[in-house]
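Take each chain as given, in its own frame, and dock them per the hints.
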Amino acid sequence: MVDTPIGAAGPLPGSEPDEAELYHPHSWLTRYVFSQDAKVIAIQYSGTALAIGLVALVLSWLIRLQLGFPGLFPFLGPAEYYQIITMHGMIMVVYLLTAVFLGGFGNYLIPLMIGARDMVFPYVNMLSYWIYLLAVLVLVASFFAPGGPTGAGWTLYPPQAILSGTPGQEWGIVLMLASLILFIIGFTMGGVNYVVTVLQARAPGMTLMRMPLTIWGIFTATVLALLAFPALFVGAVMMLLDRLLGTSFFMPMIIEAGQRLHYGGGTPILFQHLFWFFGHPEVYIVALPAFGIVSDLISTHARKNIFGYRMMVWAIIAIGGLSFVVWAHHMYVSGMNPYFGFFFATTTLIIAVPTAIKVYNWVLTLWRGDIHLTVPMLFAIAFIVTFLNGGLTGLFLGNVVVDVPLSDTLFVVAHFHMVMGVAPILVIFGGIYHWYPKVTGRMLDERLGLLHFWVTFLGAYLIFFPMHYLGLLGVPRRYFETTGLGFIPASAASLNAFISVVAFVVGAAQVVFVANLIRSLRHGVPAGGNPWHATTLEWQTPDTPPRHGNWGARLPVVYRWPYDYSVPGAAEDFVPQNQPAHAAGAAS
Amino acid sequence: MTETVLPPLPTVDGPPSRWRRFSGEWAADRQAFAGASWRKAMMWIFLLSDTFVFGCFLIGYMTVRMSTTVPWPNASEVFALEIGGTELPLILIAIMTFVLISSSGTMAMAVAQGYKRNRRATALLMLATAVLGATFVGMQAFEWTKLIREGVRPWTNSWGAHQFGSTFFMITGFHGTHVTIGVIVLAIVARKVWRGDFDVGRRGFFTSQRGGYENVEIAGLYWHFVDLVWVFIFALFYLW
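In the order they appear, the protein sequences are chains A and B. Each residue of the first sequence is one higher than the one before, starting from 1 at the first, in UniProt numbering. Each residue of the second sequence is one higher than the one before, starting from 1 at the first, in UniProt numbering.
Simulated from the structure, these hints should not be mistaken for laboratory data. By construction, the Cβ of each residue, glycine as well, lies at the ideal position given by its N, Cα and C atoms. Treat the hints loosely; a few may be bogus.
[To be verified] SDA-like cross-link-like pairs, simulated, lysine to any residue; straight-line CA separation at most 25 Å:
1. K116(B) <-> I184(B)
2. K40(B) <-> S104(B)
3. K146(B) <-> L90(B)
4. K40(B) <-> V333(A)
5. K40(B) <-> M109(B)
6. K40(B) <-> G24(B)
7. K40(B) <-> M209(A)
8. K116(B) <-> H224(B)
9. K192(B) <-> A128(B)
10. K192(B) <-> Y222(B)
11. K116(B) <-> W44(B)
12. K146(B) <-> G176(B)
13. K146(B) <-> T180(B)
14. K40(B) <-> L208(A)
15. K146(B) <-> G246(A)
16. K40(B) <-> H24(A)
17. K146(B) <-> A80(B)
18. K192(B) <-> H24(A)
19. K146(B) <-> M209(A)
20. K192(B) <-> R119(B)
21. K116(B) <-> E214(B)
22. K40(B) <-> G549(A)
23. K40(B) <-> F52(B)
24. K40(B) <-> V200(B)
[To be verified] Chain B stretches covered by chain A per the calculated footprint, using a threshold of three residues with CB under 8 Å from any CB of chain A:
25. 31-38
26. 55-69
27. 90-96
28. 155-162
29. 197-209
Chain B extracted, bound-state conformation (with noise of 0.2 Å):
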């Protein structure tokens, strides 16, 4: 066929600079980004709602800890844990911190190791991962009971307002929620990878699609998304 579909980007010398590489990618046929297969689109996407639900939360939680005309509890003194006798404010909430961003690390070296072909150290990577993300949510369900016994409630607390155990259950429950989900994917994935359906290319239970080694790194970006929103939790609700 010589019929041309599209006119010939204009060339230059030289490798195409940033912005022409952009501009080029957008005024293209089939494709805005170039290169990025539908599932990491999609992914990305998705992360942009999710970071909106996340900025409403945190917005939310803002406006009413300004609104409210009850002092708000002390949170070094609130996340304290009593460890051999002294009070170590907010010594919790570093692990787990710690604990999240690591697992951070993890996922990126199993995405590395997924792109080279390396099939149980994906796995086990991808499982590491999912084991700092589990070690979170219990230690997260260990700060819930503690909380809980000391007599915080959503709707009420000793030490001052109410909206503190109010914002407090309902965001990091619902980052709790991501993180759960995150380690089920993270488990799934991690099973299909030991088990070599990307590379037999096996089709999955629910969609009837093949899946390949990038859903390690699309699973990857929900997790580092997921890690990235708490440390945004972590400043604004632990530190301030």
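Just chain A, same shape as in the assembly (with noise of 0.2 Å):
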């Protein structure tokens, strides 16, 4: 039982035969293009990301320009604004953060984590990432298009997403609504992969309570997005629909330049419903991850037992749970019976007990420990702050007396940013950070890690914190142009100017990260096997990167929870997850 062959020496216990076999690459196009193996995967999901994500990232530089230097770039008019906005936010939530959690940690983390060969789909494994790169592709071709990208925010709320006047109206709409489909699509063929692999195909030994945070995260993201995805995608199909065939499903009877649209009797709020039923539980499909990954950092590099593990299992669930019946709070102004205002500020709140556990365990896991301030640990750390930050002014705006006012202000913007833009941001930094020298057996260069850390962390706050103090002013978000508005000081401007040349410095910070990634590659310190002494299997693979098939002949067995870390009495202060219990001396 305990020794588990593959392939030829027989079949799994548990499990059919022919469900071990892999499909192994016969060409070079197979082993590195069209490949299934989940590890290439993750490194083109993440690549794709990273790239589409860059562009993001210029497009907030644009909006700086504007918001610090109104009216000294004469290429950025209100419609390109709104465009650039709109393009932001969307790539950065769902193009970016979704796909490099979930395609590209999960691809790579879950099959060796839980010891696992693959994923157990390989082949639609592979069709989930080709069918999110064209996703990516339709999306980038909406710049090209005639009229430019949508520009009706990232929330896309009609109907003025779909009438003349918005940009992008004659094909970005019809262009990000496509691609949010095919997105839809190809995520859904990754994320059965991902929760039947978690459930289904774990080492011998690993229980789902034996299992590292990161995949409790991933895992959870996963059911979540799985279950939330559909309301976007139903949305999408019948705004579609509304703007292509004519339907009236979010269309009221509008009048349009005095003349009467043939549109009638749809309510738009139906569709700030399905949006926000995905967009909320999008916030955590994006945290999730970024907890459980986190908590196995610091438990490495505070060289401690995670604190509290079973209640931060649960709290991930809890949140999980609870994301459901949230998404309204994002509605406040758009009115709403004052007792669903009451429900949905109470569900609301009642989220911050199981992220307060959570804030909680990490501080504990970090008292009194062998605290290693590596890169990935610095970005640990720093989500915790972030988040922190992030989730108070998340209190604030979860009650609906105190949204109302502030929800049209760059109030809203500071904390959804620090929240899931900058404290999701960090931990994908420390993750690669963390994880690089398993994918390409070298180390990220330190100093250029620091220097790009420092930069990073300071950089966010500078930018982020003087934003809440400009929305308590009253400096309204989404507006191209706030000169001249009588209630809000001149002061404003000056420190908008401030925020921008702070976002100049920190988006070029990012040029160092990327040519840290590439001059790494071939002339990083080889880093071993188990770089970190990490206990978790990732570190335990017989070849490093990691062969197709991940463990050689046999399967690892799996003996212990994944944070036993500095036990007393073991020969080293890491007892990895395959080591029996009489090889750990004292240990067991």
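So, in structure tokens, the structure goes:
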């Protein structure tokens, strides 16, 4: 039972023999391009997502150019400005964050961390990436379409999203909706893979409660995504029909330039419900993998077991469940029955409980730990601080009476950038610094990493902290220009200029990161199999980088949970998950 | 090897209760659904996701039906068929529903025959299911044609709310697409059964994986799901 051979030696117990078969590539093309290996697919996903993410970063520069120095750049008109903020938001949330966490980290880490040879459906997994790439290309195509990309705001609220006067009304919105539909189809193919792999393909000895929290986070986020994306899918299909066929799902009777349009009888609020039924879980689709990864980074680099593992797992599940009953807190300003407002405010604030459990547990893991301030650890600690900041402003905004006056100001922009923009991005960076040695066999350069970290972390605070203040002053979000508005003091403009300058510096610092990624491929210090002395299975592979099939002849066998660091009496300060009890000395 | 991977579950007298079995499975290593193959687990999880798609479609339909200010057309008149000089309300839908539900019966029989390794019976029953499914789609095409001839369009119709045509074409179209995909899948699996692929372990064309008779059951899961969805569409769209 313990020795688990593979392939010709016999069937795996508990699963069908054919399921353990891997598709072995025959050519360069099937090895590196149309690869069915989850690790290659992960790199493809991450590479594509980071590339389109850089586009969104440049778009954010353009936003800051306009906000910091209004009128100085004649190529930025109101229409371009709206197109830029729309594409920046949509790319960052869906095509970068979701794709990197689930398609990138998910594909790479799930099979390795739970001791599987690959995802359970490698072929479907490959299709998932190619459909994602197609979705990205369709999205990019809208930049070059007549009329440009849609400028409807990333929430794409009807009726304005499909009416004339909104930039990109001709092609942009159609391509955007088509791209989202493709993304969802592609994601579903990957998503069923991740879920079934975690549930049904774990190594011997790997129980659910022995899984690293990274896997718990990615797994729960995938379940959320599988249940939340359908709402966006349906919303996108309906709006596409409204735009192309002239149906009126979301369109009330509208008079445009004195002419009555043929629309009538639909309800724009329906779209908002569908969108946010997706949109709020989406926040946690991004946050839960970040929670998981951060837990592992902190435990590994503080050489200490995670505090309250079971509570961490249950907190992830509780947050996932609660995230489906809070969506209308995004719609307070749309107007709703006060009882509904009360309900959604209550559920929103309840989420603070499991989230606070997680933050306390991270801090208690750090408490009296043997903290190594490596680059991944710095990013992990930065995440805790940033997430706490963003989460606390979330408590303000969860209340209806506070949200209504703040809702359309930069305060909200600062809040969600802190909590689901900066914080998860910090984890992505931390995760890349942490796992890059496993992916490539070489360490990333630490000095460049420190430079990248400090500029990004301090810069993010310099950008978004003043934004809270601007929001409280009443500076509205989404406005193309705020000069000349009597209620905004003139000093707001200089603060905006300051934010813009910092944003350019932080953006430029990402070049250091990309250069580090490329340079270390060749010139990095060879990492060895387990440079961080970590316990989890992905560091115990026979080869680094792991070969196709991950584990050589035999699957690993798991004897313990993933957080046996600094165990009293053990020979080393970490005990790998696949180390039997007798080999670990008194550590059993 | 003497090493114990997992502590043994506490033993109790008699057969384990349902809850004990449930918690035992979820506390186990390797698999959370003991004995369920990867494919079958995948189909269930996909269907869960698809349930949310249809759920959102139907909720969207109910919402626009309530939001529209114009009266909703009377379904039993719109979907009536004149046969032999008398208007029979909902007659076509009744037949379609009957055909689709019957196809679930033949599907279930095909699964049973598959596990008995009756190659021909399995393939023929699957084909029968596919034919019934294709009949359903054909009748749906007839219904669409009839309504389009009567002037119903996704954006307008002569009886009342525009959203009637919008939701009708969208929801039945989406369901019909599901049925069509199901018919194609059934035909492919039936061909594999007929050829004996699952007996000799021939590899699939795209995935290079070997299939088994379980594939019949998995196709069946999808088929029953599509039928079940129709029941809700029937109840909420035609009977309401």
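Consistency of the hints with the structure:
no.: 1; hint: K116(B) <-> I184(B); in the structure: holds (24 Å)
no.: 2; hint: K40(B) <-> S104(B); in the structure: holds (18 Å)
no.: 3; hint: K146(B) <-> L90(B); in the structure: holds (13 Å)
no.: 4; hint: K40(B) <-> V333(A); in the structure: violated (44 Å)
no.: 5; hint: K40(B) <-> M109(B); in the structure: holds (18 Å)
no.: 6; hint: K40(B) <-> G24(B); in the structure: holds (20 Å)
no.: 7; hint: K40(B) <-> M209(A); in the structure: holds (24 Å)
no.: 8; hint: K116(B) <-> H224(B); in the structure: holds (20 Å)
no.: 9; hint: K192(B) <-> A128(B); in the structure: holds (15 Å)
no.: 10; hint: K192(B) <-> Y222(B); in the structure: holds (18 Å)
no.: 11; hint: K116(B) <-> W44(B); in the structure: holds (23 Å)
no.: 12; hint: K146(B) <-> G176(B); in the structure: holds (16 Å)
no.: 13; hint: K146(B) <-> T180(B); in the structure: holds (20 Å)
no.: 14; hint: K40(B) <-> L208(A); in the structure: holds (20 Å)
no.: 15; hint: K146(B) <-> G246(A); in the structure: holds (21 Å)
no.: 16; hint: K40(B) <-> H24(A); in the structure: holds (24 Å)
no.: 17; hint: K146(B) <-> A80(B); in the structure: holds (11 Å)
no.: 18; hint: K192(B) <-> H24(A); in the structure: holds (24 Å)
no.: 19; hint: K146(B) <-> M209(A); in the structure: violated (58 Å)
no.: 20; hint: K192(B) <-> R119(B); in the structure: holds (10 Å)
no.: 21; hint: K116(B) <-> E214(B); in the structure: holds (11 Å)
no.: 22; hint: K40(B) <-> G549(A); in the structure: holds (23 Å)
no.: 23; hint: K40(B) <-> F52(B); in the structure: holds (19 Å)
no.: 24; hint: K40(B) <-> V200(B); in the structure: holds (21 Å)
no.: 25; hint: 31-38; in the structure: holds (count 8)
no.: 26; hint: 55-69; in the structure: holds (count 9)
no.: 27; hint: 90-96; in the structure: violated (count 0)
no.: 28; hint: 155-162; in the structure: holds (count 4)
no.: 29; hint: 197-209; in the structure: holds (count 5)
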